[in-house]
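For the protein sequence lines, the chains are A and B, in the order given. Residues in the first sequence are numbered from 1 upward in steps of one, following this note's numbering. Residues in the second sequence are numbered from 1 upward in steps of one, following this note's numbering.
It is worth saying that the hints were derived from the structure and are not from the lab. From a predicted model like this one, the values you see are computed outputs, not experimental measurements. Incorrect hints may appear among the rest.
If chains are identical, the list can't say which one is meant, so a pair holds when it fits in one copy or spans any two.
Calculated lysine-lysine pairs in the DSS-like style (CA-CA distance at most 27 angstroms, straight line) [to be verified]: (1) K176 <-> K186; (2) K150 <-> K102; (3) K332 <-> K207; (4) K116 <-> K301; (5) K207 <-> K92.
2 protein chains.
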Amino acid sequence: MKIKKLIISAILVALPLQAGFSQTLAPREVPAKVIAVPDTVSPQIQKQIAMPLTPTWNVIPDTAEGWREQVRAGAIATEKTIPALLELLKVKVEPTIINGVKAFVITPAVIAPQNKDRLLVHVHGGCFVSGPGLAGTVEAIYMAGLEHFKVISVDYRMPPDYPYPAALDDAMAVWKATTATHDPKKMGIFGSSAGGNLTLAMVLRAKQDKLPLPAAIAPGTPMSDLTGAGDSFQTNAMIDNVLVAYGASCDKRAALYTNGHDLKDPMLSPVYGDFKGFPPTILTTGTRDLLLSNTVRVHRKLRNAGVLATLQVFEGQSHAQFYRDINAPETKEAFDEIAMFFNQYLKR
Amino acid sequence: MKIKKLIISAILVALPLQAGFSQTLAPREVPAKVIAVPDTVSPQIQKQIAMPLTPTWNVIPDTAEGWREQVRAGAIATEKTIPALLELLKVKVEPTIINGVKAFVITPAVIAPQNKDRLLVHVHGGCFVSGPGLAGTVEAIYMAGLEHFKVISVDYRMPPDYPYPAALDDAMAVWKATTATHDPKKMGIFGSSAGGNLTLAMVLRAKQDKLPLPAAIAPGTPMSDLTGAGDSFQTNAMIDNVLVAYGASCDKRAALYTNGHDLKDPMLSPVYGDFKGFPPTILTTGTRDLLLSNTVRVHRKLRNAGVLATLQVFEGQSHAQFYRDINAPETKEAFDEIAMFFNQYLKR
Numbered sequence: 001m002k003i004k005k006l007i008i009s010a011i012l013v014a015l016p017l018q019a020g021f022s023q024t025l026a027p028r029e030v031p032a033k034v035i036a037v038p039d040t041v042s043p044q045i046q047k048q049i050a051m052p053l054t055p056t057w058n059v060i061p062d063t064a065e066g067w068r069e070q071v072r073a074g075a076i077a078t079e080k081t082i083p084a085l086l087e088l089l090k091v092k093v094e095p096t097i098i099n100g101v102k103a104f105v106i107t108p109a110v111i112a113p114q115n116k117d118r119l120l121v122h123v124h125g126g127c128f129v130s131g132p133g134l135a136g137t138v139e140a141i142y143m144a145g146l147e148h149f150k151v152i153s154v155d156y157r158m159p160p161d162y163p164y165p166a167a168l169d170d171a172m173a174v175w176k177a178t179t180a181t182h183d184p185k186k187m188g189i190f191g192s193s194a195g196g197n198l199t200l201a202m203v204l205r206a207k208q209d210k211l212p213l214p215a216a217i218a219p220g221t222p223m224s225d226l227t228g229a230g231d232s233f234q235t236n237a238m239i240d241n242v243l244v245a246y247g248a249s250c251d252k253r254a255a256l257y258t259n260g261h262d263l264k265d266p267m268l269s270p271v272y273g274d275f276k277g278f279p280p281t282i283l284t285t286g287t288r289d290l291l292l293s294n295t296v297r298v299h300r301k302l303r304n305a306g307v308l309a310t311l312q313v314f315e316g317q318s319h320a321q322f323y324r325d326i327n328a329p330e331t332k333e334a335f336d337e338i339a340m341f342f343n344q345y346l347k348r
Numbered sequence: 001m002k003i004k005k006l007i008i009s010a011i012l013v014a015l016p017l018q019a020g021f022s023q024t025l026a027p028r029e030v031p032a033k034v035i036a037v038p039d040t041v042s043p044q045i046q047k048q049i050a051m052p053l054t055p056t057w058n059v060i061p062d063t064a065e066g067w068r069e070q071v072r073a074g075a076i077a078t079e080k081t082i083p084a085l086l087e088l089l090k091v092k093v094e095p096t097i098i099n100g101v102k103a104f105v106i107t108p109a110v111i112a113p114q115n116k117d118r119l120l121v122h123v124h125g126g127c128f129v130s131g132p133g134l135a136g137t138v139e140a141i142y143m144a145g146l147e148h149f150k151v152i153s154v155d156y157r158m159p160p161d162y163p164y165p166a167a168l169d170d171a172m173a174v175w176k177a178t179t180a181t182h183d184p185k186k187m188g189i190f191g192s193s194a195g196g197n198l199t200l201a202m203v204l205r206a207k208q209d210k211l212p213l214p215a216a217i218a219p220g221t222p223m224s225d226l227t228g229a230g231d232s233f234q235t236n237a238m239i240d241n242v243l244v245a246y247g248a249s250c251d252k253r254a255a256l257y258t259n260g261h262d263l264k265d266p267m268l269s270p271v272y273g274d275f276k277g278f279p280p281t282i283l284t285t286g287t288r289d290l291l292l293s294n295t296v297r298v299h300r301k302l303r304n305a306g307v308l309a310t311l312q313v314f315e316g317q318s319h320a321q322f323y324r325d326i327n328a329p330e331t332k333e334a335f336d337e338i339a340m341f342f343n344q345y346l347k348r
């Protein structure tokens, strides 16, 4: 049974990809290998690395209701972990409506003095389909609790009911409303995976609509290219235990979001956008991340556009594993770096 | 024949590694895959990615004379490319002796005004055994020609004749002599692979011996850990077409250098060193680099020691491919970033 599964996977990753790869230059044959858990990370991250592949990584419901059920099951599982997290980090989460959009206000017991007038806007991950409601606030709770910022997390509308541009419209509605009452020079935007995509798209959209830009942004392992381009879709296939491989569940969810739109539209695949004038940006990824390439490509594009952009890459981590275990020293390290970056570029 | 070669490789990469990996936590089985050349890089880098594995990646001579012959053949091939490179970049290379150590003075036709009083010291790569004489100057010629710095490249002694600490002693002799006549605040050290190891070891040694430190350093894809630890030794095995896999030629050459010394000695594996007080550091690697982990581990360790350290990771590149093609836009990009970094932290 194990062998059968491996053979199926081998066929899957050997399929010619639709876009982003040369059809003429010689490909490379990479033999099967058994990779051990490295000793070069903390025991907590070792545990993340040793975990089996996400059970639903390639479970694709064939109806909208099937997706809703899968999303609901995931959300319930995540929500169960939140009360303990809130208690540990001494953080309060309150639902609200901002400019007609559902959101959460996330407040730590102690706001750091330098963050008194600062506000972060968070856009959650989940491949544009998962993480509704409270389940989407985990990363924002980490930021509020570990780094003592006040955070607004946008509970944007999602497929299968609301494809693009609903999520981005919702995030922009919150951005518009919050920048009307707060100084955008004291504000940052962050989020990972689909939230990293939306963080970048929000800045592109703010530029386009001549809205104020944030003072800094922190896209974590952004789904910056929904066309399938990005070399680590191949190199880290079956190595990343979170997303596992291109064309599986996460990309099927993203397809519900893009819903027939041009995938090269920078509002959908921000790596194709014009990054000139972007605020200082800190990007986070891991060496096993399926989106390693789509993180470093954004970094290079930002640098080539003259943007102050910095990159942190964590040893052995798969997609977005830097906010999976609150007790991992690497988690604190990643958030500390982002907070120091915000502290450097957000006005007090 | 092709299939036979692949099977041999599969056995090689499946062998349990000596150090740096958990023997108890569940490993992951990664199926065989065929990886295409990505479209997300320049045509020049595509050509690098499409190249077959380095022909000598696992050719291990069994005598010192065998090594000398292999090194000589490689050096002759590299030297042949140098006259055209010098002409294209308008750079002059002159052999010299500094404090008893062979070196080259590398001077561009035009030194940039801001670099008039600055001096860079270069330590070449080649797994501590390859790149003697002129063949070791390529990276230094790129830096001088593309970025208009004067560079001293150390032609340090190497195994099989001279194991550790000969190379480091030679580099330090040059460092001592040049900092006696130049202001170290106007000096930087750079080098890749074994040269990245030596760049880091030089700073550790300068700290230990209370010598002046450089104003900034640029270790490219450093061989920072000679114990075999580093997750990308597994994840990028048979994906990196330059070094290809751990335990092959490059590591066998490094073993001639370490020659029975404790591999965890920071002078041999600088990732285990104390990075407190290090000068600003810029690190360069690629997503397919076998030393991706050992580059990002140094970055994290530097950051955790409070050092200003920045990381650039190039899409699709294997080990040190950022100085393989002078015409690749990514080459210029990598050297421009390093030069901007030096410009920021070296006094004029």
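Against the structure, the hints come out as follows:
With identical chains, the CA atoms of K176 and K186 are at most 27 angstroms apart within one copy only, with a shortest distance of 14 angstroms there and 47 angstroms across copies. For a Cα distance limit of 27 angstroms, the shortest separation of K150 from K102 inside one copy, 17 angstroms, qualifies, whereas the shortest one across copies, 59 angstroms, does not. When the C-alpha separation of K332 and K207 is checked against a cutoff of 27 angstroms, the pair qualifies neither within a copy, at 32 angstroms, nor between copies, at 29 angstroms. In this homomeric assembly, K116 and K301 never come within 27 angstroms of each other (Cα to Cα): the closest approach is 33 angstroms inside a single copy and 31 angstroms across copies.
Taking the shortest alpha-carbon separations for K207 and K92, neither the intra-copy value of 33 angstroms nor the inter-copy value of 47 angstroms comes in at or below 27 angstroms.
The structure is inconsistent with the numbered hints 3, 4 and 5, although it conforms to all the rest.
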